[in-house]
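There are 2 protein chains.
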Amino acid sequence: MNRPAPDLLKPRKTPQQARSAVTIEAIHVATIQVLLADGVGRLTTTRVAERAGVSVGTMYQYYPHKQALLFALVERQFAMIESAMRDAAERLAGSDLETIANGLAIAWLDAKMADRVASRAIYGIAAEFDMSQHMKRAATCMTGMIEDLLAAAPGAKFADPASAAFMLAALLGGSVRVVMEAEGSEDAFASLRRELPRACHAYLVSASSGAAGLMDQAVGG
Amino acid sequence: MNRPAPDLLKPRKTPQQARSAVTIEAIHVATIQVLLADGVGRLTTTRVAERAGVSVGTMYQYYPHKQALLFALVERQFAMIESAMRDAAERLAGSDLETIANGLAIAWLDAKMADRVASRAIYGIAAEFDMSQHMKRAATCMTGMIEDLLAAAPGAKFADPASAAFMLAALLGGSVRVVMEAEGSEDAFASLRRELPRACHAYLVSASSGAAGLMDQAVGG
DNA sequence: ACCTGAACACCGTTCAAGT
DNA sequence: ACCTGAACACCGTTCAAGT
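Chains A and B are the protein sequences, given in the same order.
The first sequence runs contiguously to residue 223 in the working numbering.
The second sequence runs contiguously to residue 223 in the working numbering.
Hints are computed from structural coordinates only; laboratory data are not their basis.
For chains that are exact copies, the list does not tell them apart, and a pair is met inside one copy or across any two.
SDA-like, lysine to any residue: derived pairs with alpha carbons at most 20 Å apart: (1) LYS138 - ARG118; (2) LYS138 - ARG195; (3) LYS12 - ALA28; (4) LYS12 - ALA32; (5) LYS138 - SER187; (6) LYS138 - GLU185.
All chains, please: the whole structure from these sequences, using the hints.
This is the structure we're talking about:
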């Protein structure tokens, strides 16, 4: 009893001896290398094992299947972004709408762009199997964080804070995603960096019914 | 000479006899059926051929590989959405920013939701192979259409119309995509339908420097 | 012109055997 | 406790043979 719910995508076991920790690290590194060199399409368990210097069987001792292997990378990326956004939220607590909008947009872009090559590769993985659970969790997390920020923003009253937070999360997440997927040029990313904060701010102002919001909009920008 | 550039994702040949037209249609229908019944992961050439009542070899006469088969579905979806948006743009030409924003957002949502099951399934496909070319083309097309609309909007002057159009396309495309990917609930889609027009409008007003724009924002809804 | 299906190369996964 | 690698089932793709 008190057994954890079986998560089929999780690693199979945790290393008990030093050499197995080395093995895991080798597999992890090899996965990234193969991914970057050959792409998701050509990433095979044999190739990864070969590159890691272990046999396929060994790989299957730690990961129940190929998906779990790739999933580990996605999780790491998710965690990185989540932590970056959490930092930003902490920094922005109590700020006005404009500061919040700009701060969130820039933090989001920075996190996504931090390692753009890896990011794109990982988006490719994320697409290959059903990520809806993770996406849902990430979206809920982001929405909650944003909702708290909005609630603490001085002089802004939202008729429906949950909706506003949800929409802002969708705007942030989606726009970056779409540009990345279309293999956006440098220009595209520059536009995004210029326009996304503005879009977020404009939306927040429009969704909040506080008088300060409208003042802000008429003066700022 | 004058040979068309080889597009490896295109069907291999066009039917010359009646029976082959029937075959193609059968394959197409079978693909959708298998996709909906078993998901992308379990869609195999054998299964499709079986369901279509032809041999695998026959399938390979019309499609050079499995990707091409799935690609045909994606193309159809793209064409449907593109045409819907073209209609909307025609209808909205010369309208003010609020009408344009609302009209585009609703048209976009309607097109994407028209057959939500198929849409999600097709997003799944689109993810499985590199769609960046198509995404890029679609994005360019949308951006162009929007830019024309903005140029024709009375009383709105954009410092950088191209950027504004680009950003609006990203907002539309991304937000819907993100919600779909997170397997959004009915609530989520309802929020999107309520908030997306507002977000688009707010952004356009903020990006345009025309006095009418600010008036609009302060008074409108 | 169109269709068939056995054959081939390759990939994910397992498991008996080793240290 | 950890590792190996031959073996298995399955899948995408081809091609000689048919109508």
